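Visitor: Here is what each chain is made of, one letter per residue.
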Amino acid sequence: MSKRYEIRLAGLGGQGLVLAGVILAEAASIFENKNAVQSQSYGPESRGGASKSEVIISDEEIDYPKATHIDLLLCLTDAAAEKYLKDCPETALVIADSDLVPSAIPEKFRSVKAPITRLARETVGKEFVTNIVALGLIQELTGIVGLPALEKAVLDRVPKGTEDLNKRALEVGREAAHEYGAHILSAKG
Amino acid sequence: MSAEATEKKAPVIKFLAGNEACMEGALAAGCRFFAGYPISPSSEIAEKMSGRLPKLGGKFIQMEDEIASMGAIIGASLAGAKTMTATSGPGFSLMQENIGYAMMAEVPCVVVNVMRGGPSTGNPTGPSQSDVMQCRWGTHGDHPAIVLSPNSIREAFDTTVQCFNFAEQFRTCVVLAMDEIVAHMREKIVIPAKEDIKIVNRKKPDLKPGDPYKPYEADASLIPPMMNFGEGFRYHVTGLDHDATGFPSGAPDNQEILHRRLVDKVEMHKDELFLFENHRTEDAEVLVVAYGSTSRSAKRAVEEARAQGIKAGLFRPITLFPIPEKQIAQAAGHAKKVVVPEMNLGQYRLEVERILGPAVPVVGVHRVNGEPIAPSLILSAIVGG
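Residue numbers (our numbering), protein chains in the order written: chain A, -6 to 182; chain B, 16 to 400.
Since the hints were derived computationally from the structure, they do not count as laboratory data.
Pair ranges (Cβ atoms, derived):
#  : chain 1 : residue 1 : chain 2 : residue 2 : range
1  : B       : 152       : A       : 62        : 38 to 44 Å
2  : B       : 28        : A       : 42        : 32 to 38 Å
3  : B       : 214       : A       : 152       : 34 to 40 Å
4  : A       : 150       : B       : 246       : 41 to 47 Å
5  : A       : 101       : B       : 293       : 41 to 47 Å
6  : B       : 297       : A       : 97        : 49 to 55 Å
7  : B       : 26        : A       : 139       : 23 to 29 Å
8  : A       : 80        : B       : 245       : 54 to 60 Å
9  : A       : 150       : B       : 77        : 25 to 31 Å
10 : B       : 323       : A       : 101       : 27 to 33 Å
Restricting the straight-line Cα-Cα distance to at most 16 Å, the calculated cross-link-like pairs of lysine to aspartate or glutamate (EDC-like) are:
#  : chain 1 : residue 1 : chain 2 : residue 2
11 : A       : 101       : A       : 80
12 : B       : 203       : A       : 149
13 : B       : 29        : A       : 25
Computed from a prediction, not measured in an experiment: that's the story for all the values here. The beta-carbon is built from N, C-alpha and C at its ideal position, and this holds for glycine as well.
All chains, full assembly: derive it from the sequences and hints.
Guide: Encoded structure:
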């Protein structure tokens, strides 16, 4: 991994992106002892407004806590894709929900489209684990955090009684990485 | 959070937001009374306090408004508790009258102001540093001001402890000025063990029941020892000009003594108050002065400028007020230019200009669009002619 890895998770309030960012950062900082900062921005609405969560993971001290050179962009709405793709350098990996982001991702990016929300709703059985499915997908595609750390971080944060559901969501996300992102995984080697 | 981190003998590792670290710092400092009216982006402090305080035998009250919140923390402090409230710009405006009262009546308390865009209700969820001068001059009249501003999660914890210590030591209302980015971002924090946290408690008079007590009679420190209500001594507390007994007195001599003492008690001890960081300032030809989250952008910009061969450095006041004037002048010793980035239109820049005088050009980098100041903007100002 390079010194500083920048992740932006973008969509709507209510999709669990802030929590997803917190979990990812905790996996890196608490369970893998790297440096990580999570931050977010959102509007005054409690749900339904645009929401953005950012995670910086680094082996070094993290000064500026916001993304300036995005390595990974997750888009769970078309509006998020429209707004943030233009901020991304060509080296960025773009992951989008194929049902919620109908626009094409420009070919200059490495990209993966997967029906993340539908997988949560239909395969796992609860739409509210969309964020955890996304984390499974991100973990398998990038390896930015290890699976044991991510699983611990997820189980630390989710409500009691939902552990199995969330473990299953991680698994479904990781399987989706192979089904929809084989081109990325094979390029990684 | 089941474990009471602040009561632990060993350090505790957590992944917290600035607001949560502030709350932990307050509890570690001994805060056992919080009265407030929740407002973004400070609400998590009240929320977490409401869960934690009752378990520690403390009190949490959600008040009807901000001025009442101040009234409650002043009253509880007079009764011996370490007290705090938390708010943001609109609420901070409403608190000003009672902030002045706490300063006049010399009641220790801590006000956290998580700055958001203003004036008025402004931008509730966006970051800002536009209350800096309100933290200094928000309440009317000449008054002392102690204002701290952290730039990391660990520092949010430490400066909150420090705010309580200064409030107790100087018998005044101390302000913690966080910006929304520090309040809401999360980082790993090692919460120190209880015995490693320095705690200051208000100085008490050495009196036996029945001894005469003048509540506002100061010794050479200019800070009167404080007897808590309920400990056997009764006295008068007022926002009016008063003499050593605490009763109103409009005598000109008395007023002069009182007002000068209130300001001087902080001024004469100000070297104990200065918290700051110098980063590569020894030979800095371009000095950046930045605080709060903006200082993190500035540090990055300084590193990038150094990589280009520019001798840049960062001075970061943690104590915004009193202003570390000598320290700023010293850091600017070799500077041909000074850059002051702020998420406001130049409030602290004016102070830096005043301190350095006309010999050194001071350039402001100001944004009030609810977005953080990116390192590239500061770098342009460092590099630019």
